[in-house]
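Take a look at the letters that make up each chain.
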Amino acid sequence: MDYKTFLQELQDRHALIFLSVAENYNDEIYLSVRSDDFKKTCVCLHKLLHSPVAVFFAQDSRREKNAFVIYCTFMSAKYKKWFFVSTEIAADKAILDSLAREIYSSSLFEREVREMFGIEFSGSPDARSLRLHEEVWPRRSFPLRKDFQNKPTKDIEKAEYNFNKVDGEGILEVPVGPVHAGIIAPGHFRFSVAGEPIINLEIRLGFKHKGIEKLFEGKNVFEAIKISERISGDSSFAHSLAYTQAIEKICGIIVTESLSAQRAICLELERMYNHANDMGGIALDVGFSFPAALASLIKEEILQLNEKLTGSRFLRGVNEVGTTRLKLDEGKKKVLLAALKKISKDFGEIKKILLSSASFMDRVDGTGVLKKKTAEDFGVVGLAARASGIAADLRKDFSGIYTQFNFNPAKEATGDVLARLNIRIFEVEESIRLIEEFINIHHTASDKRLTQPELKEGFALGYVEAWRGPVLYWIKIDENGLIERCKVVDPSFHNWQGLSYCVLGDIIPDFPLCNKSFDLSYSGNDL
Amino acid sequence: MIFIILQIIFLISLAPLVSGIITKIKNNLRLRRGQSVWQPYYNLAKLFSKDEVCSEHSSWVFKITPFIVFASSLLALFLVPAFIAKSPAQYLGDLLLLVFIFSLGRFFLALAGLDTGSSFGGMGSSREMFISSFAEPAIVMAFFAVSFNFGTTNLAATCGPGALKFSSLIAGIALLIVTLAETSRIPIDNQETHLELTMIHEAMALEYSGPSLALIELASYLKQIVFFTLISATVYPVVFCAQITPIQALTGIIIYLAKISFIAVLIAFTEVFLAKMRLFRAVDFLYFSFVLALLALIAATLGA
Numbered sequence: 014m015d016y017k018t019f020l021q022e023l024q025d026r027h028a029l030i031f032l033s034v035a036e037n038y039n040d041e042i043y044l045s046v047r048s049d050d051f052k053k054t055c056v057c058l059h060k061l062l063h064s065p066v067a068v069f070f071a072q073d074s075r076r077e078k079n080a081f082v083i084y085c086t087f088m089s090a091k092y093k094k095w096f097f098v099s100t101e102i103a104a105d106k107a108i109l110d111s112l113a114r115e116i117y118s119s120s121l122f123e124r125e126v127r128e129m130f131g132i133e134f135s136g137s138p139d140a141r142s143l144r145l146h147e148e149v150w151p152r153r154s155f156p157l158r159k160d161f162q163n164k165p166t167k168d169i170e171k172a173e174y175n176f177n178k179v180d181g182e183g184i185l186e187v188p189v190g191p192v193h194a195g196i197i198a199p200g201h202f203r204f205s206v207a208g209e210p211i212i213n214l215e216i217r218l219g220f221k222h223k224g225i226e227k228l229f230e231g232k233n234v235f236e237a238i239k240i241s242e243r244i245s246g247d248s249s250f251a252h253s254l255a256y257t258q259a260i261e262k263i264c265g266i267i268v269t270e271s272l273s274a275q276r277a278i279c280l281e282l283e284r285m286y287n288h289a290n291d292m293g294g295i296a297l298d299v300g301f302s303f304p305a306a307l308a309s310l311i312k313e314e315i316l317q318l319n320e321k322l323t324g325s326r327f328l329r330g331v332n333e334v335g336t337t338r339l340k341l342d343e344g345k346k347k348v349l350l351a352a353l354k355k356i357s358k359d360f361g362e363i364k365k366i367l368l369s370s371a372s373f374m375d376r377v378d379g380t381g382v383l384k385k386k387t388a389e390d391f392g393v394v395g396l397a398a399r400a401s402g403i404a405a406d407l408r409k410d411f412s413g414i415y416t417q418f419n420f421n422p423a424k425e426a427t428g429d430v431l432a433r434l435n436i437r438i439f440e441v442e443e444s445i446r447l448i449e450e451f452i453n454i455h456h457t458a459s460d461k462r463l464t465q466p467e468l469k470e471g472f473a474l475g476y477v478e479a480w481r482g483p484v485l486y487w488i489k490i491d492e493n494g495l496i497e498r499c500k501v502v503d504p505s506f507h508n509w510q511g512l513s514y515c516v517l518g519d520i521i522p523d524f525p526l527c528n529k530s531f532d533l534s535y536s537g538n539d540l
Numbered sequence: 039m040i041f042i043i044l045q046i047i048f049l050i051s052l053a054p055l056v057s058g059i060i061t062k063i064k065n066n067l068r069l070r071r072g073q074s075v076w077q078p079y080y081n082l083a084k085l086f087s088k089d090e091v092c093s094e095h096s097s098w099v100f101k102i103t104p105f106i107v108f109a110s111s112l113l114a115l116f117l118v119p120a121f122i123a124k125s126p127a128q129y130l131g132d133l134l135l136l137v138f139i140f141s142l143g144r145f146f147l148a149l150a151g152l153d154t155g156s157s158f159g160g161m162g163s164s165r166e167m168f169i170s171s172f173a174e175p176a177i178v179m180a181f182f183a184v185s186f187n188f189g190t191t192n193l194a195a196t197c198g199p200g201a202l203k204f205s206s207l208i209a210g211i212a213l214l215i216v217t218l219a220e221t222s223r224i225p226i227d228n229q230e231t232h233l234e235l236t237m238i239h240e241a242m243a244l245e246y247s248g249p250s251l252a253l254i255e256l257a258s259y260l261k262q263i264v265f266f267t268l269i270s271a272t273v274y275p276v277v278f279c280a281q282i283t284p285i286q287a288l289t290g291i292i293i294y295l296a297k298i299s300f301i302a303v304l305i306a307f308t309e310v311f312l313a314k315m316r317l318f319r320a321v322d323f324l325y326f327s328f329v330l331a332l333l334a335l336i337a338a339t340l341g342a
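First to last, the sequence lines map onto chains A and B.
The first sequence begins at 14 in our numbering and counts up by one.
The second sequence begins at 39 in our numbering and counts up by one.
Quick caveat, the hints were computed from the structure, so don't treat them as lab data.
Errors might be hidden in some of the hints.
These stretches of chain B come out as covered by chain A in the derived footprint (C-beta under 8 angstroms, 3 or more residues) [claimed, not checked]:
1) 56 to 63
2) 133 to 141
3) 227 to 239
4) 297 to 311
Here are the computed distance ranges between Cβ atoms for each label pair [stated by the list, open to error]:
5) A:Ala-371 <-> B:Ile-42: 55 to 61 angstroms
6) B:Asp-322 <-> A:Gly-518: 19 to 25 angstroms
7) A:Ala-194 <-> B:Glu-90: 16 to 22 angstroms
8) A:Pro-191 <-> B:Val-137: 38 to 44 angstroms
9) B:Val-137 <-> A:Glu-215: 40 to 46 angstroms
10) A:Lys-340 <-> B:Ser-87: 52 to 58 angstroms
11) B:Val-91 <-> A:Lys-106: 50 to 56 angstroms
12) A:Gly-518 <-> B:Gly-200: 48 to 54 angstroms
13) B:Pro-249 <-> A:Ala-194: 18 to 24 angstroms
14) B:Trp-76 <-> A:Ala-194: 23 to 29 angstroms
15) B:Leu-142 <-> A:Glu-320: 53 to 59 angstroms
16) B:Ile-42 <-> A:Pro-199: 42 to 48 angstroms
17) A:Leu-517 <-> B:Leu-340: 47 to 53 angstroms
Residues from chain B shown here face chain A by an in silico Cβ test under 8 angstroms; the list is partial [said to hold, decoys possible]:
18) Lys-84
19) Ser-157
20) Met-161
21) Ile-224
Predicted, not measured: the structure shown is a model, and the values here were computed from it.
For each residue, glycine too, the CB sits at the ideal point set by N, CA and C.
Bound-form chain A, shown alone (with noise of 0.2 angstroms):
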């Protein structure tokens, strides 16, 4: 069935109104409705497509058509397209249906629209904010808006956060962060355990929020990539390729099967040394400490062919709009094969380690069960999905360089510990068997770009299977050839949720490892 028809019966059996139905290039479909039946689209969407909320997000329009819009979007691997529904609210009157009691996973998103525009949403289930804490932040200030200015307020209405509470004899509340042991980012973690037993957890998130978003507009968009690769440095790879895709949908450039061929090499190599590494992870936060330090051998031997081939470490500045800095030439391919080689065999060690260890798998197995119900509601993507059982991978989703040599895409049942960590060895796998084909893939000269891609108006969304999940961008390019609106979703933003859920039932001392399962980034969530 094409999409044409799916639309036809939206509009016929299920009394759908569309003001336009426009196809952006090939795999984009935005579908434009007064803001009454918004709610309504998008739920029958979210049904029929059994599709959570991939991007819901807004744009300040109010200069040209005094009215801000709204974007929700839902993706179908059947018709291998984005569905963007999209209304008009008017900037005196922004108030629109809340999704959220309908559709889950829209909630974080309608919070996050709420406080960067400003934008009200009737009969929200979670009104606080996201980011931009009350303690700190000044109200009626909406950075996202075009007017913002970015001055210092001194008159701060200090407000508090509440934490959902749980009440009970014995109930006692764990707090957690934002400062923790060890180097990593601020969050704070809000237990509720009845003795050891998790009853509920809340995470609060946005203490490295950076305005990211805002600091894309304006931007000339050659530059802005500098940006996309600081989003989430274990990411910087797949951040950058969602980026120049949607800058190359929007200007028209033609990407050669070569140039997909590197940019996915470097795509694996990224998800290779991210895998090792929470391999690693997994075992020293039960104490491994063998296999712990086989993996981080394993993390180096990839980042160092990162450098051999790229320059860089963590594959930052390689991807450029139309062109990438990897040149495979036949010195560089014997480097290449050569460590993949080594890799491989290193990997089968520690795999062998940990699997037959009868006190590591007792930790794993059964830990941390994130059920598939749940992580569905909660739009929980990539690797924790596939843990799940939800069979969702944009490499399979949308043909591609690896439709073409017939990608294999990682699922297990459990959603376990256990489960996260056999998705990582599978891919990683996986991964060596794609880079030794895509090396085959005659690599032309051609690529190299002789001059300054020529810029046009339009926007676009870029999608990339990162190692955690898809990264997505969604970027508009305004007349003068600079970025109006730039909205990007990592996949940590919907996964922090399943993390929560995850943990409920398992014991205190199991948490650093269920977190550790999901590895999420607190940088790419806070923007």
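Following the hints, position chain B against chain A.
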């Protein structure tokens, strides 16, 4: 007499080194160079010269605890013979006293953990008491087995010259398992972790700094060497009695060091090649130790 005093000084100065050696072996096993074996001494020196921060919400319990903990470990050290089967305080009490002395230290440390009102301290206290309620019976049972062999609970006598017995060997293994719990090592606890949520012993001492922390750390080193000494003496008794020549003393020291090193290596390997157990699984592990001790007791009554 001189050797008995020498023995005490020797044990106190050796105690941090044992930890240093275990850490070194662990790091080498993990393909790392690792810190110097003298690092525990540097740490102690550093902590003793530092200022101390004390929560204003804490009471006298918090301030007095480091001294009690240290004193209890020191007293325990006065009870156990290392290379001469005689100890300074041997007429003060016996095997059972040793158990109670350590309980005293633990009791105050648990109180101090609660005293500051920090959630980690409370969790640590609760876990420590939980674990020790399983560890203590195993220790007592192992001691009984040993004292059966010698017909006395006097430490100097039970650690002194005697035939190598099967039951003592089993009791020694039971003690080794308990020692892992008592010295907060993997698979029960993890000394190296920075994850407060998983800590047991460390969590109670999180609020301490400066000299107080140094005392608590030193107390742990002493406690560790007391346990190692007990295991070594149980499995392979001390050969020499009180009246000895310097040559015999030297031989005694060498045998003692060999025994302690063996235990240190054993523990280092355990720590590197085992994962930490789930908190509630530790109970099974300690039960196992109790059952072993019980077997030792049965064997001892049968004369094995």
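Status of the hints after comparison with the structure:
1. Beta-carbon proximity to chain A at under 8 angstroms applies to 0 residues in the region 56 to 63 of chain B; the threshold of 3 is not reached and the given coverage is violated.
2. Using a Cβ-Cβ cut-off of 8 angstroms, 0 residues of the region 133 to 141 of chain B lie near chain A, which falls short of the minimum of three, so the contact claim is violated.
3. Here the region 227 to 239 of chain B counts 8 residues with a CB under 8 angstroms from a CB of chain A, which clears the bar of 3, and the coverage holds.
4. With 3 residues having a Cβ less than 8 angstroms from any Cβ of chain A, the region 297 to 311 of chain B passes the three-residue criterion, so the hint holds.
5. For Ala-371 (chain A) and Ile-42 (chain B), the hinted distance range of 55 to 61 angstroms is not satisfied, since their beta carbons lie about 45 angstroms from each other.
6. The hint said 19 to 25 angstroms for the Cβ distance between Asp-322 (chain B) and Gly-518 (chain A), and at roughly 20 angstroms that hint holds.
7. Taking 16 to 22 angstroms as the suggested C-beta distance range, the pair Ala-194 (chain A) and Glu-90 (chain B) conforms, at roughly 20 angstroms.
8. The given range of 38 to 44 angstroms is respected by Pro-191 (chain A) and Val-137 (chain B), whose C-beta atoms sit roughly 42 angstroms from each other.
9. At about 43 angstroms, the beta-carbon gap between Val-137 (chain B) and Glu-215 (chain A) stays in the expected band of 40 to 46 angstroms.
10. Under the hint 52 to 58 angstroms, the C-beta atoms of Lys-340 (chain A) and Ser-87 (chain B), about 56 angstroms apart, fit the expected range.
11. Against the hinted window of 50 to 56 angstroms, the Cβ-Cβ separation of Val-91 (chain B) and Lys-106 (chain A) comes to about 55 angstroms, which satisfies the hint.
12. Hint check: Gly-518 (chain A) to Gly-200 (chain B), Cβ distance near 52 angstroms, so the stated range 48 to 54 angstroms holds.
13. Taking 18 to 24 angstroms as the suggested C-beta distance range, the pair Pro-249 (chain B) and Ala-194 (chain A) conforms, at roughly 22 angstroms.
14. Checking the proposed 23 to 29 angstroms range against Trp-76 (chain B) and Ala-194 (chain A) shows it holds: the Cβ atoms sit about 25 angstroms from each other.
15. Between Leu-142 (chain B) and Glu-320 (chain A) the beta carbon distance is about 57 angstroms. The supplied range of 53 to 59 angstroms therefore holds.
16. Distance hint for Ile-42 (chain B) and Pro-199 (chain A): a CB-CB separation of about 55 angstroms, inconsistent with the stated range 42 to 48 angstroms.
17. Distance hint check: the CB atoms of Leu-517 (chain A) and Leu-340 (chain B) are about 51 angstroms apart, consistent with the given range 47 to 53 angstroms.
18. The interface hint given for Lys-84 (chain B) is violated, since its Cβ lies 19 angstroms from the closest Cβ of chain A, which is over the 8 angstroms cut-off.
19. At about 4 angstroms, the closest approach between the beta carbon of Ser-157 (chain B) and any beta carbon in chain A falls short of 8 angstroms, and the interface hint on this residue holds.
20. For Met-161 (chain B), the interface hint holds, the least distance from its beta-carbon to any beta-carbon of chain A being 7 angstroms, beneath 8 angstroms.
21. Because the beta carbon of Ile-224 (chain B) sits about 5 angstroms from the nearest beta carbon in chain A, less than 8 angstroms, this interface hint is met.
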